[in-house]
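Trainee: Here is what each chain is made of, one letter per residue.
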Amino acid sequence: DTEVTQTPKHLVMGMTNKKSLKCEQHMGHRAMYWYKQKAKKPPELMFVYSYEKLSINESVPSRFSPECPNSSLLNLHLHALQPEDSALYLCASSQGTGGAEQYFGPGTRLTVT
Amino acid sequence: DQQVKQNSPSLSVQEGRISILNCDYTNSMFDYFLWYKKYPAEGPTFLISISSIKDKNEDGRFTVFLNKSAKHLSLHIVPSQPGDSAVYFCAASAGYNQGGKLIFGQGTELSVKP
Chain A
2 DTEVTQTPKH
12 LVMGMTNKKS
22 LKCEQHMGHR
32 AMYWYKQKAK
42 KPPELMFVYS
52 YEKLSINESV
62 PSRFSPECPN
72 SSLLNLHLHA
82 LQPEDSALYL
92 CASSQGTGGA
102 EQYFGPGTRL
112 TVT
Chain B
5 DQQVKQNSPS
15 LSVQEGRISI
25 LNCDYTNSMF
35 DYFLWYKKYP
45 AEGPTFLISI
55 SSIKDKNEDG
65 RFTVFLNKSA
75 KHLSLHIVPS
85 QPGDSAVYFC
95 AASAGYNQGG
105 KLIFGQGTEL
115 SVKP
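Protein sequences appear in the order of chains A and B. Each number in our numbering comes from the position in the first sequence (counting from 1) with 1 added on. Each number in our numbering comes from the position in the second sequence (counting from 1) with 4 added on.
Derived by calculation from the structure, the hints in this document are not laboratory data. All values reported here derive from a predicted model rather than from experimental measurement.
Result set (BS3-like, lysine-lysine): computed pairs, CA atoms no more than 30 Å apart in a straight line: (1) A/39 - B/117; (2) A/19 - A/54; (3) A/41 - B/41.
Footprint (simulated), chain A over chain B, 3 or more residues, beta carbon under 8 Å: (4) 43 to 52; (5) 108 to 118.
Glycine included, every Cβ here is placed at the ideal spot set by N, Cα and C.
Between the sequences and the hints, there should be enough to build the whole structure, so can you do that?
Mentor: Here it is as structure tokens:
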């Protein structure tokens, strides 16, 4: 089973809203990731969690706030987003952070109005 | 500074023939390479990977070749099928040195025609 699930599938939010994206995996993976993907572009890494601790933050604006409640769950809290933040947000997981395949979820299509 | 490059934005191949997708990289610290396939509005699907200690890895119709001296890798799909039509991303990792960070190429859109 290499499934990573993400909810919601689609999200439309205003610039003053607060919302959260959720990601779950039950593969026993100890590393989880958030990526952002714009149309016709490759995924761009935002955050890495290793053993439930934030290990990489790719200089992401503070209006994006990640959280890892346990080894299976990863959240991305959104607040005061801008229209240019509209994108596909992808979650991924891997066994570890050294040379392991990352398995991606289906993504959340976010539109900021 | 593009560390992973896929210079062909698109490739069109006849069904049954071989598809060859290419990828070049500049960072000699990369030690693990992966190929992903992506359909529109879906997450990337892992296809195949190769460690820098190997020069070839095969899985069914998919074979990845690595030429470390040229800093080049390629994905061969034989035989190509219409369902293979998608965007293919090459990705590279420096493993523990970069905490699992994957650097993706820009992608090549493969179209397999019946």
